[in-house]
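2 protein chains.
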Amino acid sequence: MACRSGLTPVLRRARALGLLKSFNTTHASSANALRYLSTSSPRSFRAATPTLAKFTTDSYPEIQRNPRFAQITKDHVSYFQLLLGKGSAVIDGVTTELATDDMEPYNGDWMRKYRGHCKLVLKPGSTEEVSKVLKYCNDNMLAVVPQGGNTGLVGGSVPVFDEIVINTSRMNKIQSFDEVSGILVVDAGVVLEVADQFLAEKGYIFPLDLGAKGSCHIGGNVATNAGGLRLLRYGSLHGSVLGIEAVLPDGTIVDDLSKLRKNNTGYDLKQLFIGGEGTIGMITAVSIICPQRSSAVNVAFLAVESYEKMQRTFREAKTQLGEILSAFELMDLGSQHLVNNAQGSKPPLETESPFYCLIETSGSNSDHDNEKLEKFLEDVMSREIVSDGVVAQDQTQIKSLWSQREGISEATAHWGGVYKYDVSIPLKDLYRLVDDTREKIEAAGLKGDTDEFPVLDVVGYGHMGDSNLHLNVAVRRYDKRVEEVLEPFVYEWIAKVQGSISAEHGLGLAKKNYIGYSRSETMIGLMKQIKNLYDPNGIMNPYKYM
Amino acid sequence: MACRSGLTPVLRRARALGLLKSFNTTHASSANALRYLSTSSPRSFRAATPTLAKFTTDSYPEIQRNPRFAQITKDHVSYFQLLLGKGSAVIDGVTTELATDDMEPYNGDWMRKYRGHCKLVLKPGSTEEVSKVLKYCNDNMLAVVPQGGNTGLVGGSVPVFDEIVINTSRMNKIQSFDEVSGILVVDAGVVLEVADQFLAEKGYIFPLDLGAKGSCHIGGNVATNAGGLRLLRYGSLHGSVLGIEAVLPDGTIVDDLSKLRKNNTGYDLKQLFIGGEGTIGMITAVSIICPQRSSAVNVAFLAVESYEKMQRTFREAKTQLGEILSAFELMDLGSQHLVNNAQGSKPPLETESPFYCLIETSGSNSDHDNEKLEKFLEDVMSREIVSDGVVAQDQTQIKSLWSQREGISEATAHWGGVYKYDVSIPLKDLYRLVDDTREKIEAAGLKGDTDEFPVLDVVGYGHMGDSNLHLNVAVRRYDKRVEEVLEPFVYEWIAKVQGSISAEHGLGLAKKNYIGYSRSETMIGLMKQIKNLYDPNGIMNPYKYM
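Just so you know, the protein sequences line up as chains A and B, in that order. Read in order, the letters of the first sequence are residues 1 to 546 in full-length UniProt numbering. Read in order, the letters of the second sequence are residues 1 to 546 in full-length UniProt numbering.
Simulated from the structure, these hints should not be mistaken for laboratory data. Since the model is a prediction, treat every value here as computed from it, not as a measurement. Warning: the hint list may mix true and false statements.
One copy or two, it doesn't matter: identical chains are merged, so the pair holds either way.
Listed next, the in silico DSS-like pairs over lysine-lysine satisfying Cα-Cα at most 25 Å (straight line) [stated by the list, open to error]: (1) 528 / 135; (2) 86 / 132; (3) 202 / 428; (4) 202 / 309; (5) 428 / 440; (6) 318 / 202; (7) 202 / 375; (8) 512 / 528; (9) 399 / 318; (10) 440 / 480; (11) 54 / 420; (12) 54 / 447; (13) 135 / 86; (14) 480 / 447.
Make a model of the complete structure from these sequences and hints.
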């Protein structure tokens with residue numbers, strides 16, 4: 001790391017007042033850091049050797065293949081090869097023997113929790129090809145799974161049985177960008193980070209950001225209504241997506257790729273595809289309004305002694321930082337242990353604290369922003385709402401601090417697996433779910449430092465600014481006993497506080513049976529109506545939430 | 001007006017540099033002001049005596065009453081009286097003789113352009129009552145028109161024949177507000193301004209604002225997906241509305257009144273009601289996320305010599321004012337003439353200019369905002385992009401400047417009527433539509449200063465920040481010849497530049513035949529599918545866009 005030089009200038013006064021520590025990269029040998037590292041034995045934190053996941057059909061034996069779906073034949077494969085070409089556009093394990101490696105990236109998810117039996121992957125290169133593929137599949141009762149970067153967290157983008165994977169990776173062009181309005185049009189397969197880097201050069205920013213940005217596809221982001229790190233500032237995709245091109249199972253191209261900020265001409269049908277999780281159609285292109293990129297970005301990483309004080313920190317940040325607040329992320333101590341152990345990195349603060357938060361500001365005038373942030377930090381530290389903190393002073397430090405938050409998701413899966421719950425909970429109750437779950441897991445004797453215990457830790461983090469908690473149970477291996485403690489306990493807990501069992505990850509396979517905890521019978525009935533309207537044969541992403 | 005004291009302090013320097021005029025309220029006798037007032041003869045600007053509008057059935061003789069709909073009988077009226085009570089909840093012109101005045105506010109629109117033959121107005125007091133009313137109407141094939149504040153601009157909220165009006169005015173409670181998250185839940189009949197004033201006391205702001213705020217109902221705003229003055233900053237209702245309660249024609253209550261910022265559990269069906277214009281169901285309650293109210297608000301009113309310079313002004317405002325820019329409104333000289341003549345008020349600037357813009361900033365730190373605005377104004381004035389300007393220095397002046405923009409809509413209808421087009425056009429082409437339309441109207445000999453000419457003026461204004469133009473043709477009386485020049489000319493013009501024939505007002509009756517200029521056959525077909533799914537009998541707001 002390049003950053004050893006101490007404080008960002010605006011914070012010198014806070015430093016002089018003894019309120020704020022410098023950005024510290026050299027304290028590994030300090031007592032605090034040693035104490036920190038000793039909280040976990042080397043053995044318990046040994047990374048698991050990647051193994052193939054269990055088949056979903058073994059984990060969920062109650063799910064039966066729908067006999068109405070056809071088996072894929074040689075003739076089907078020939079049709080697709082003729083349509084798409086024999087090259088990389090068709091990965092055929094039906095008429096040929098493929099190495100497991102060829103199909104595995106499409107059959108399994110990165111958490112090694114779901115694994116399908118797919119033997120045919122199609123990579124159409126255009127909307128017209130998607131249309132022909134889907135029409136053929138619909139006419140022949142072949143089930144399909146639309147797939148982008150396959151970075152989902154609920155098993156929504158991988159097959160269960162032998163569904164055909166339709167992957168968007170060959171549809172990866174940036175179609176257009178208007179530098180006055182900020183409206184970007186992209187193919188579904190454009191990687192989020194590629195789009196954001198393209199926009200950075202134009203002085204704009206993609207209104208969505210998330211940990212998997214280097215792999216996830218924008219089509220998949222929109223299909224799952226991804227929330228992410230910038231929602232607090234730039235709102236949800238339901239507001240920022242202006243147009244969608246999608247293909248229905250019968251091959252109909254929904255040509256709703258509007259490039260206008262406002263278009264009030266009839267039902268906003270594109271919204272059904274945002275968060276539809278590929279169950280009624282497949283998104284092939286997206287038009288989205290992108291905000292101006294802020295020239296001034298500050299990131300502070302703060303230690304807070306209690307969840308009560310964390311709520312006060314959030315309220316103060318909202319009031320004092322106002323229009324420049326662009327992220328308020330919560331992390332508990334356990335999540336930070338996992339990150340730093342998985343990455344082999346050092347925590348940014350010497351002091352251990354039960355809670356941390358990452359605050360980002362983005363604005364157009366760095367002097368103004370620095371002044372606002374300085375005043376805010378002085379205030380919360382002098383009033384002892386925040387106990388310690390650092391502020392990044394360059395891009396490297398900003399990245400480093402963000403990695404403490406963005407690295408959590410991957411770190412929790414590092415030792416074998418992870419049970420993930422992505423939930424919305426009214427703010428005052430938000431962290432209580434983590435405490436209650438930890439208690440349940442401990443009471444069941446499932447958590448410990450050695451290999452005999454399946455659970456490493458129960459941690460909580462997330463987009464506090466959006467009342468969105470990620471409850472993660474990091475495990476050494478998947479274990480039915482853990483699942484039995486967690487479910488339906490977690491869902492019942494959430495239903496009691498009128499939360500949502502999926503804030504931003506979607507339902508996929510993981511939560512298909514639990515939608516009733518967040519939606520009424522009436523709403524589920526109305527959703528089924530929509531599913532039947534658009535996909536009467538049920539070929540789109542079957543066995544998932546609809 | 002209380003404001004005579006000159007400049008806001010931040011702008012003293014610009015003033016010293018001779019760049020900026022003071023806020024002027026005393027120049028009525030100046031040469032400029034006299035020249036301004038002389039542009040219109042008293043006769044041509046005499047307000048028309050309000051007369052009853054023509055019946056829509058006379059203006060649109062091609063629309064035939066659907067014979068499948070039942071006639072309202074005594075028995076129907078009795079049922080509703082029993083259900084809702086005999087008081088003000090049922091206005092019955094079926095079994096009794098009513099004065100024209102009793103029914104007129106529900107039968108006609110404020111532009112005096114549409115007028116129906118409704119003889120029964122129902123005002124349910126709860127969602128359950130709406131459910132019973134709709135179920136009864138559906139079972140008995142009685143057509144209905146949901147109606148809020150009846151401030152719409154496309155004839156969507158008034159009946160054509162004898163449809164029953166279901167008015168939301170008795171459902172007017174603020175249900176709840178969460179002071180941490182900013183989530184507000186209201187009945188559909190809450191007046192927008194009432195909600196905003198309630199929020200102001202809590203330090204929050206309603207994310208929507210529009211000229212009709214004193215009368216319009218939030219249910220109607222959401223049903224028409226109103227855009228308004230704050231969209232540039234706070235986004236569209238598709239993003240800010242978190243939940244909706246609505247009733248389908250069969251009486252089903254769509255209970256999707258989520259109070260969570262994020263809820264990713266299935267198809268986002270509520271979106272269909274946002275902009276659905278009451279054609280598939282009736283909204284009875286809304287949950288919406290409200291931003292923090294900015295403590296510092298500045299408003300500047302600037303004169304700009306050409307549309308080309310106006311575009312540069314907009315780009316500079318976007319870049320230099322960044323996150324604090326909360327409105328950028330365009331007004332042409334003609335629109336300002338209409339406002340000041342209708343209101344009998346004085347223009348804020350002495351100098352006449354072909355274009356004006358109103359810029360609003362909202363932020364949390366007035367020193368910072370003032371500095372940004374000052375720097376911006378100095379920059380655009382010293383580079384002669386902007387030729388003159390004033391900045392409001394107190395609430396009264398802010399209101400006064402805003403009235404130059406907000407007063408236009410009413411002013412254009414002041415002399416007898418107005419043809420209104422609310423369109424989205426790529427920014428570079430935006431104002432050209434006004435020039436081209438004016439030319440067409442003039443070439444047809446329809447525009448002049450005396451009563452024999454139907455057209456007073458062709459003016460343009462709107463939410464330039466959203467590429468949203470309001471083209472208004474102010475008339476002394478409605479005249480088929482004017483209409484024939486305007487349509488389909490305007491729609492064809494817009495289709496050519498891939499704009500939208502309705503940016504924010506909706507389609508209603510006015511644009512029912514023109515949706516094809518902005519939507520493909522496929523999209524219209526898909527919309528009809530949705531209409532048939534939810535309203536198979538077609539009783540919801542018939543004869544309108546679907």
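Outcome of the hint check:
| no. | hint | in the structure |
| --- | --- | --- |
| 1 | 528 / 135 | both (21 Å within a copy, 22 Å between copies) |
| 2 | 86 / 132 | within (16 Å within a copy, 60 Å between copies) |
| 3 | 202 / 428 | between (40 Å within a copy, 19 Å between copies) |
| 4 | 202 / 309 | between (40 Å within a copy, 22 Å between copies) |
| 5 | 428 / 440 | within (21 Å within a copy, 62 Å between copies) |
| 6 | 318 / 202 | between (29 Å within a copy, 14 Å between copies) |
| 7 | 202 / 375 | between (32 Å within a copy, 23 Å between copies) |
| 8 | 512 / 528 | within (13 Å within a copy, 30 Å between copies) |
| 9 | 399 / 318 | within (23 Å within a copy, 27 Å between copies) |
| 10 | 440 / 480 | within (15 Å within a copy, 75 Å between copies) |
| 11 | 54 / 420 | within (17 Å within a copy, 63 Å between copies) |
| 12 | 54 / 447 | within (22 Å within a copy, 77 Å between copies) |
| 13 | 135 / 86 | within (20 Å within a copy, 57 Å between copies) |
| 14 | 480 / 447 | within (14 Å within a copy, 80 Å between copies) |
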